[in-house]
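Undergrad: One letter stands for each residue in the lines below.
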Amino acid sequence: MLKNYLKMAFKVLLRRKFFTFISLFGVSLTLVVLMVLVALFDHTFGAYPPETKTDRTLGVLFVEFRSPDDHSMINGFAGYGFLDRYVRTLPNVEKVSLYSFPTTAVSYLNGAPVTSWLKRADGEFWQILDFRFLEGRPFTPQDEKDRNFVAVINETTRKRFFSDGPAVGKFLEVDGQHFRVVGVVPDIPILRIVPFADIWVPISTAKTDTYRGQKLWGNYLAMILARQRSDFPMIKDEYHDVLKRVEFPDPQHYNKAFGEAETLLDVASRAFLLERGYGESPVRRFMAWLILLMVLFMLLPTINLVNINVSRIRERSSEIGVRKAFGASSLTLVGQFVVENVLLTLVGGGIGFVLSYGVLHFISSTGLIPYAHFGVNYRIFLGGLAITLFFGLLSGVYPAWKMSRLHPAVALRGRG
Amino acid sequence: MTKHLLTLVWNRRRANALVVLEIFISFLVLFAAVTLGAYYADNYRRPLGYSYENVWDISVGSLMEMISGDSATEDKKNITKRLLAALRDFPEIEASAGMDNPLFSIGTSNGVYHHQGRKTLASFCAVTDGFQDVMRLELVRGRWFEAADDALDWDPVLINQRLANELFGSEDPLGKNIGNPEEKRQARVVGIITEYRENGELFEPESYVLVRRKLTGVADDAMRHIVIRVRPGTTAAFEETVMTRLLATARGTSFEIKPLAQVRASFLRFCMAPLLAIGVVAAFLMIMVSLGLVGVVWQNVTQRTTEIGLRRALGGTATAIYTQVLGELVVITSVGLLLGTALVAQLPLLGVMTFVGTRVFLVGLGTSLALIYLLTLLCGLYPSMLASKIQPAEALHYE
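Chains as they are written, first to last, in this note's numbering: chain G, -9 to 406; chain W, 89 to 487.
Worth flagging that the hints you see were computed from the coordinates, not collected in a lab. There could be a bad hint or two in this list.
As the list claims (entries may be wrong) - The list that follows gives simulated cross-link-like pairs (lysine to aspartate or glutamate, EDC-like), each with its CA atoms no further than 20 Å apart:
#1 G:197 x W:234
#2 G:392 x G:309
#3 W:346 x G:163
#4 G:-7 x G:309
#5 W:346 x G:165
Stated by the list, open to error - What the simulated footprint calls covered on chain W by chain G, stretch by stretch (three residues with Cβ under 8 Å from a Cβ of chain G suffice, anywhere in the stretch; the number is not a length):
#6 107 to 117
#7 327 to 335
#8 341 to 347
#9 360 to 373
#10 382 to 393
All C-beta atoms in this analysis are idealised placements derived from N, C-alpha and C, irrespective of residue type, glycine included.
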């Protein structure tokens, strides 16, 4: 029976090519827009190397300090001293790493300025993240301790400075400081803000050691590797407790600290929902919003498809009349039309996939987002498939239901 | 005629409702996109108030040092003065000055300014003497900052015309205080400049105050940026020379030198990317809707062959049929647009979208109305031509 439906659907598609074209055009391009957004999301938050342990990694990304009367507050990255004292000492975790938000640093190559993103990190950074090394090795906690001027660079930096030849052992001048290259890693996309940089150097190589001071805020983030995911609530509680015990260097101005050990997605969700408070994870609400926006965007294409389907089915009223006269129930007819429409949208979906692949490739090649290489993986594929099916059902049910209610006598005459 | 068309449309209200809904939503989408575009285009064509060609921006201290103050403090004393003095030696540099807030970036510093009980919010930036020579600001009235201002017990400020109008109306702002009256040290207007748009062309022009920074030699005086005007034709190679000098003048501090034209270009690209994406998506939706409309009208015409044939047989001309089909489409479109306009008209009443001025709002409304009419008419052309070609004899046999 299903085979029959599919056969018929195929014939119908070929009958009115213009209508088929319009439907396929709408479905495939709608899918392209949604797929690009999904790919962007996946690119930013999905578990890709080097962030392979995201299932048991928490971060301290932002902290907030408030004055005694709550009137003034500072919300931003924490200072090294703060993280070193209160986060690195958290008990019951496997490892903690501190690293800076990347800053731009200038080097001169034959007189021409070259700007690179420089991240300062400790040795544990390389132990928690799984970087693949093209050559050499990461720097170690010992390098950090000994204040060794060593650097790990990405592929692009190697190409810029050493024209693609081996770089390990060579020297690099960045922001007036000289570093010996110890390792080269592939380019990390800029949207992966935890690992991203062009050049990574030990924290202790900073120009002055004032970063170690008591300053609460600064430019540092922490990464906490838990032994297992089930430890998350415990670690979050411990971090809350620690925040209550913070000693403030200047308690008249700031005497309260707020924060959360959380994931990047938690932070993004909060930012999107414009929430300031800390506490319960907002990821679910964020997702609900995203789905709502997606459905809103699909509203117009859906109505368009419904309109076309109504026209298309109306053309077939004599066929409907015959089937009804021979005893087909409304439900059977609805089933048939929905199957036809889902088939149509799946074909559109197929075209959409191919197009999205091209568009994503194009976006990667424009260099609009540095080092981004968007791909289509099975997760994105499944997401796209789900969107397509939803789309097909949504736009098929109403016209089918409407036509299935036609009176056989009217339908036989060929008038809708 | 119109009444007749209305009846025809009303008779097929069930089938037409979906088309009306489609046009209604398309209008909303188009209105949002067009208004946004008109808003930015309107901002873009207004003057900046300064010239960015041949100006280089030097940021003093890395982001990290700026946020955390992680820098050797004794080194920061007089840092701006020392850097400016070092730069004065180069013949390639025509003028240089310190400033706190960079141009062409996101974010501003805001303050409330007062005059006789009137209050207004304005952005401000601290600059040093000679800033006008680097940026080529235009003075409307009054004077620039000068070295003798160091001795004053009040802060001289320059305001732009927008703020002058907002705060003073027809009064003369020169010599008046605009700071909080309760504060001891007052900000007093010494000059009025035409315009100063810190965030660049895309952002709405705002009220602006340039505050004179007195360089007295304490760490707090350090300016975050230095701007220099280089002689036309100076190449990027000169950058390294400047950088070497800067690094030698203030040890332990990081610098970044960038031509303002380049900063502006990348900032524009950064701001335009989402707008472009919105534009592409809106255009795609419109193409899809128009194709769909062609299909729907076409189908309508085919289905009503007998009706049209009958009309032809009774003496209706081809032109009359043509007008009828298009007329029906116009009626349907108008219903959708009427609903859409009714909804959109609520926005200013509800206080949403107040950032868009009335003029831009009306331009957006008018353009999107016109575009939708144009689009639907275009979609109706081919099907209505088909309808007008229907032969009465053929049509009457139809079944």
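Undergrad: Please go over all the hints and tell whether each is borne out by the structure.
TA: Hint check:
1. G:197 x W:234: 36 Å, violated
2. G:392 x G:309: 15 Å, holds
3. W:346 x G:163: Distance ~19 Å between residue 346 (chain W) and residue 163 (chain G) Cα, so the pair holds.
4. G:-7 x G:309: Given pair residue -7 (chain G), residue 309 (chain G) holds - Cα atoms ~18 Å apart, limit 20 Å.
5. W:346 x G:165: Holds. Residue 346 (chain W) to residue 165 (chain G) sits at ~14 Å (cutoff 20 Å).
6. 107 to 117: As far as the segment 107 to 117 of chain W goes, the hint holds, because 6 residues have Cβ atoms under 8 Å from chain G.
7. 327 to 335: Since 4 is at least three, the answer is holds.
8. 341 to 347: holds (count 5)
9. 360 to 373: holds (count 4)
10. 382 to 393: holds (count 8)
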